[in-house]
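A.B. asks: Chains Z and B, in that order, are what the protein sequence lines are. For the first sequence, this note's numbering gives the first residue as 1, with consecutive numbering after it. For the second sequence, this note's numbering gives the first residue as 145, with consecutive numbering after it.
Worth double-checking, as some hints may not be accurate.
[What the hints assert, rightly or not] 35 Å max Cα-Cα, derived DSBU-like pairs, lysine-lysine:
#1 Z/Lys39 / B/Lys1006
#2 B/Lys750 / B/Lys732
#3 B/Lys471 / Z/Lys39
#4 B/Lys817 / Z/Lys35
#5 B/Lys471 / Z/Lys35
#6 B/Lys666 / B/Lys471
#7 B/Lys1179 / Z/Lys114
#8 B/Lys1006 / B/Lys817
#9 Z/Lys35 / B/Lys476
#10 B/Lys750 / Z/Lys39
#11 B/Lys670 / Z/Lys39
#12 Z/Lys114 / B/Lys476
#13 Z/Lys35 / B/Lys525
#14 B/Lys471 / B/Lys1147
#15 Z/Lys35 / B/Lys700
#16 Z/Lys114 / B/Lys804
#17 B/Lys525 / Z/Lys39
#18 Z/Lys35 / B/Lys1006
#19 Z/Lys114 / B/Lys1006
#20 Z/Lys39 / B/Lys804
#21 Z/Lys114 / B/Lys888
#22 B/Lys735 / Z/Lys114
#23 Z/Lys35 / B/Lys750
#24 B/Lys700 / B/Lys670
#25 Z/Lys114 / B/Lys666
#26 Z/Lys39 / B/Lys1179
Calculated from the structure, these hints are not laboratory results. Since the structure is predicted, the reported quantities are computational estimates derived from the model, not experimental observations.
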Amino acid sequence: MAFTFVAFSYILALIIDAFLIFFAIFNIIAFDELKTDYKNPIEQCQSLNPLVLPEYGLHLFFNLLFLFNGEWFSLVLNAPLIAYHVHRYLSRPVMSGVGIYDPTSIMNTDVLNKCQREGWIKLAFYLLSFFYYLYAMIYSLIST
Amino acid sequence: MPAGNPLFNHHNHEALEQNTMMQPPIVPPQQQPGAGGGMFNSHPQQQPQQPPLPAAYQNHHQPQQPQPQPPVQGGGGVGTTNPFHHQQQHHQPHIPQHLTQPQPPPPATVQHPPPGGITSSANRYPPNPALLQQPQAPPQQPQQYAQQQQQPQSQQGPYLPPQNAAQQQQQPPQRYVISGQPVNPSNLYPTIPTQPLPSPGPTTNNYSQQYQTQPGVGGGGGLPQNSHGHNNQYPAPPQQNPHAYNNGGVGMGVNQVTAGMNNMSVTQQGFNKLWGIDHADLLKTRQVLPPEGVKSPEIRFPHDYMNHVNCSPDLFRCTLTKIPETKTLLQKARLPLGILIHPFKDLTQLPVIQCSQIVRCRSCRTYINPYVYFVDQRRWKCNLCFRVNDLPEEFQYDPVTKTYGDPSRRPEVRSGTIEFLAPADYMVRPPQAAVYLFVLDVTTLAVDTGYLKTLCDVLLEHLDTLPGDSRSQIGFITFDSAVHFYNMNSSLSQPQELVVCDIDDIFIPCPDNLLVNLDESKEVVKHLLTNLPGKYLSSQNEPRSALGAALLAAQKILGPIGGRITVFCASLPSVGPGSLPNRQGDVKTVKDLSTALNPSTDFYKKLALDCSTQYIAVDLFFLNSQYSDVASISCISKFSGGSIQYFPNYHMVENPVQAKLFEQAMVRYVTRKIGFEAVMRVRCSRGMSIHTFHGNLFVRSTDLLSLPNVNPDAGFGMQVSIDESLSDFQTVCFQAALLYTSSKGERRIRVHTLCLPVAGNVNDVIQSADQQAIIGLLAKMAVDRSLSSSLLDAREAFVNAVVDVLSAYATTQNSLPNLALVAPKCLQMLPAYTHSILRSMGFRADLRPRLDDRSQFMNQMKTLPLYQLIQTIYPDLYPLHTIASVPLASVPQSSRSTTPENGEEEEKYPQFPVLHLCSDRIEATGVYLLDQPDSILIYVCRNVSTQFCEDVLGVQGFVALHEMDDLPELETEWSNLIRNFINYLQSNKPYQVPIRIIREDSKERMWFVNSLVEDRGEGSVSYYEFLQQLKNMVK
Chain Z
1 MAFTFVAFSY ILALIIDAFL IFFAIFNIIA FDELKTDYKN PIEQCQSLNP LVLPEYGLHL
61 FFNLLFLFNG EWFSLVLNAP LIAYHVHRYL SRPVMSGVGI YDPTSIMNTD VLNKCQREGW
121 IKLAFYLLSF FYYLYAMIYS LIST
Chain B
145 MPAGNPLFNH HNHEALEQNT MMQPPIVPPQ QQPGAGGGMF NSHPQQQPQQ PPLPAAYQNH
205 HQPQQPQPQP PVQGGGGVGT TNPFHHQQQH HQPHIPQHLT QPQPPPPATV QHPPPGGITS
265 SANRYPPNPA LLQQPQAPPQ QPQQYAQQQQ QPQSQQGPYL PPQNAAQQQQ QPPQRYVISG
325 QPVNPSNLYP TIPTQPLPSP GPTTNNYSQQ YQTQPGVGGG GGLPQNSHGH NNQYPAPPQQ
385 NPHAYNNGGV GMGVNQVTAG MNNMSVTQQG FNKLWGIDHA DLLKTRQVLP PEGVKSPEIR
445 FPHDYMNHVN CSPDLFRCTL TKIPETKTLL QKARLPLGIL IHPFKDLTQL PVIQCSQIVR
505 CRSCRTYINP YVYFVDQRRW KCNLCFRVND LPEEFQYDPV TKTYGDPSRR PEVRSGTIEF
565 LAPADYMVRP PQAAVYLFVL DVTTLAVDTG YLKTLCDVLL EHLDTLPGDS RSQIGFITFD
625 SAVHFYNMNS SLSQPQELVV CDIDDIFIPC PDNLLVNLDE SKEVVKHLLT NLPGKYLSSQ
685 NEPRSALGAA LLAAQKILGP IGGRITVFCA SLPSVGPGSL PNRQGDVKTV KDLSTALNPS
745 TDFYKKLALD CSTQYIAVDL FFLNSQYSDV ASISCISKFS GGSIQYFPNY HMVENPVQAK
805 LFEQAMVRYV TRKIGFEAVM RVRCSRGMSI HTFHGNLFVR STDLLSLPNV NPDAGFGMQV
865 SIDESLSDFQ TVCFQAALLY TSSKGERRIR VHTLCLPVAG NVNDVIQSAD QQAIIGLLAK
925 MAVDRSLSSS LLDAREAFVN AVVDVLSAYA TTQNSLPNLA LVAPKCLQML PAYTHSILRS
985 MGFRADLRPR LDDRSQFMNQ MKTLPLYQLI QTIYPDLYPL HTIASVPLAS VPQSSRSTTP
1045 ENGEEEEKYP QFPVLHLCSD RIEATGVYLL DQPDSILIYV CRNVSTQFCE DVLGVQGFVA
1105 LHEMDDLPEL ETEWSNLIRN FINYLQSNKP YQVPIRIIRE DSKERMWFVN SLVEDRGEGS
1165 VSYYEFLQQL KNMVK
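For reference, chain Z alone in the conformation it holds in the complex:
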């Protein structure tokens, strides 16, 4: 039983992952509101856009910890999502502010569906990885 840096990074990942789960849920709810006409797309994008970069940043942050620790397997698990985030941000519409959602195109059913599906997939991924981090944390705590 030893509290190593590895264990610490998994604890951090666990906490951050809980936040990411909330982000994903928030996204899903936001797009559902758009679909059911409760919210104006301009306001909705204004509330969603500031959250995009923090989400990407948090995800990248604990992966950097994995990198420093040499937790290759965890890193490989997360690599596709990092790549997707980078790609997503690079191919965002022309915007002066931060974020990736554009109120003029968000109401397009294709875009809306895509965003919502993205939200669900991320939620599933974060949930599964939550349990994985929990397991990895306990494993690194008990193994000496």
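The hints should help you fit chain B onto chain Z, whose structure is shown.
C.D. replies: Structure of chain B alone, referenced to chain Z:
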């Protein structure tokens, strides 16, 4: 109509809708289904008296001997071998009969909307109800008709040899006689009408009547469409190509030849036609364009009534006139599903209703419409969500007969297009006043073009006719590298100019008086408009443009009220917020185009969204001769419901054609109707949903479109998807409701309802396609594709769409000859349109078009109403030299008719056939008119007849012909007719466009030659080669 009736008042302030005030707001009795349908059957005894049209056709070939014919002129039965012989037979029995018992013309024909090569705005109902019945007719029906017809003929024509009669019985073209359309001889001769046309009945035009009658009836079909010499002959096997028969049909023999030859395959073709499965091999058929122009296919319901009350195809069209019942079926048919709508089109007849409660479905908020089901007298069932709703007491009252009891007589359930005066619950705030703010570019480039003079003159002239009431406000801002404001307080003797140089942080120099009441400050405004053009001519101008700052200022001024900002822009914004880089040099290859066509900054988009929430729309006029990044700037209009107009290389003196166009466009712009604070909601039946919206709008929620302003020249498109199976339903409905504030400060709702039948069979679905609407929708989708992906992708998608459709059709047919590219009748022009659009300025795969031209073409594809969109892609070409032989039609009673002098007598115009845009249709002796959205070109070939030159062009011959800007007004018959024709074409456009007469050997001929898109062009394949490519791809 009792004017004082509180329940049902016709409020009508717009001059355009004046008709409505006079008439009851329902379908006029003549157009009611009973009467309309009756024309088919209820006048059998009249039929022989009505000369069948083909005879009329034949008579045209001797126009030089215009003998006034007696009105009873016998008809050339199509069946007889010799039309003249036939006439003689008819004359004798006819004359006495007609004279003794002059029969009133069938009422059904009285109001028959005159069909023309171009559908007019007056055609609000699907024209001929008789035709619509025909698909349901049993196959033996043609024979029945023939017999019906035979009987009176044999009585009246005692000289008819029996074998001839027998022959007639079998000959399908007799259907012309059946159509029940009396022919007025004054129609047939371009000369003087023998009398001032007392009977309104016979004035319908025989020409397109002839073709309209055709598709439904079961007889085989040689189209006698082409008596003008341009024939359609790839050597085609006869059974494949009915059109090929017409080779011999030049002149008077058309009908004999077609009739005779058709005997052979009458049954087969008759059945094919009857069931609507007529198709042709595109590789072998050269004439696929119907001579009267491509029309929207008719929507066919089991019940006649439903056809009558549907929304006009000019306003609302679906790409399929039968909706597939499942998503799988739609995928099988591989056709795009979507609707195209022109919601605020100027209408001549529009029922307007004021009532205390607008009847709507309680759950889906659908407005009551002709397709609801009345469960009993107190309840109705919504046709979109199927909820049963209560009817209010008021709805029982029928304002026309002033009786209670029958809700189905209400105007709401009698018309597919209706306008309500909205009560107060439809307002979020008191209706705004009409507010106009003009933002004028006064940089060096802009002042040099001289547009200020034209603009100010037009405004001065129309200051009193600007739509609005006593609350109307107006303001002006000019900008170069600073923003100039004008204080126009009514107490001032002349406007006071305020210049703000701090463009990075723009502010409003004085709180009010920049926007002034038009009535109060009219003198000051006039003073400004008179002096503005001169003011900037004299002073030293700035070359730099601070457009962004001026727009921000304009938004601040209008913010509290909302209204319209009109921006004139002639240079690239280069200082302050919203300044743009010159990206023209960045485009080295076609692949770079998609970045250059996307905006380079979101400044204008964000501003547009801010404007949109404040009910401000921005309309743009580009007058640039250099690159000014239309792609970026136009975002300001795209998302605020504005309009974008583009006059490249505008110069008042050096480019007179463009100057004239600009002036006309400005007149139209400042006088056209406008709707403020508008929102449009498009609903559709349960099981379907609107997928993507196209047009200048902002989508505020899944089906709510925010249009800060709506103008009558804006079109919209929506892609529709099928989510659930529709097999339980017979029909589906789309309803578009446009809520707006009129310039008089009234809140109004214009509701359009389109109902379509559901089909369960892939063949039915394909056969019901509307090729023009499909191209309209594909073009919008392709614009999106070329912006999000790349231009090459979009081109490929275009070709794939056509290949998909044709492959889908091929799989539904059992036995098709190899090496044939078969297309159903309703899709035959699809490849031609596609080929043309691939060569157009917007989608061609080379770098020849300028970036701005390309951007603007794409903007147009997104926003033009379908009629203009098709004309942009595929302009109409008419052979003017055939004037001697084409039938005449009367000018439709469109209020937009721009000829005020037609008061005394009804105007006639010749119905020229539309030609393919192909150089081998051009004859050396011909004169051709090319009708484009922004110009009308008249192309005179070298060997034009002297008579035509003298009578129409006013010169001795081709040698003496000069390029002209208008046809001379000669007092000859031909000149009158052709000018009427041009007026008619002009009346179909939003504003008059310049006319240009071009000699075959001039430099300007390239304008015309470049429009012949079916020829091989530089770097692009010809239409025929394109077809062969398609052939290789279709499996």
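A.B. asks: Could you grab the alpha-carbon distance between B/Lys1179 and Z/Lys114 and see if it respects the 35 Å cut-off?
C.D. replies: With a Cα-Cα distance of about 32 Å, the restraint between B/Lys1179 and Z/Lys114 holds, given a limit of 35 Å.
A.B. asks: Could you grab the alpha-carbon distance between B/Lys735 and Z/Lys114 and see if it respects the 35 Å cut-off?
C.D. replies: Between B/Lys735 and Z/Lys114 the Cα gap is close to 26 Å, so the pair holds against 35 Å.
A.B. asks: Does B/Lys732 lie within 35 Å of B/Lys750 when you go C-alpha to C-alpha?
C.D. replies: Answer holds: B/Lys750 to B/Lys732 is near 29 Å, not above 35 Å.
A.B. asks: Hint check: Z/Lys39 vs B/Lys1006, CA-CA at most 35 Å. Holds or violated?
C.D. replies: Holds. Z/Lys39 to B/Lys1006 sits at ~27 Å (cutoff 35 Å).
A.B. asks: Please verify whether B/Lys666 and B/Lys471 have alpha carbons no more than 35 Å apart.
C.D. replies: 59 Å, violated
A.B. asks: Would you check the hint for Z/Lys114 and B/Lys476, treating anything up to 35 Å between C-alpha atoms as holding?
C.D. replies: Answer holds: Z/Lys114 to B/Lys476 is near 24 Å, not above 35 Å.
A.B. asks: Hinted pair, alpha-carbon criterion (35 Å max): Z/Lys35, B/Lys525. Please report holds or violated.
C.D. replies: Cα-Cα ~26 Å, so holds.
A.B. asks: Given the hinted pair Z/Lys39 and B/Lys1179, is their Cα-Cα distance within 35 Å?
C.D. replies: 47 Å, violated
A.B. asks: Under the criterion that the straight-line Cα-Cα distance not exceed 35 Å, is the pair Z/Lys39, B/Lys804 satisfied?
C.D. replies: 47 Å, violated
A.B. asks: Verify the proposed pairing of B/Lys471 with Z/Lys35, using a straight-line Cα cut of 35 Å.
C.D. replies: 21 Å, holds
A.B. asks: Between B/Lys471 and Z/Lys39, is the straight-line Cα distance small enough, at 35 Å or below?
C.D. replies: 29 Å, holds
A.B. asks: Taking only the CA atoms, is the gap from B/Lys525 to Z/Lys39 under or equal to 35 Å?
C.D. replies: 30 Å, holds
Hint check: violations occur at hints 6, 11, 14, 16, 20, 21, 25 and 26; the rest are consistent with the structure.
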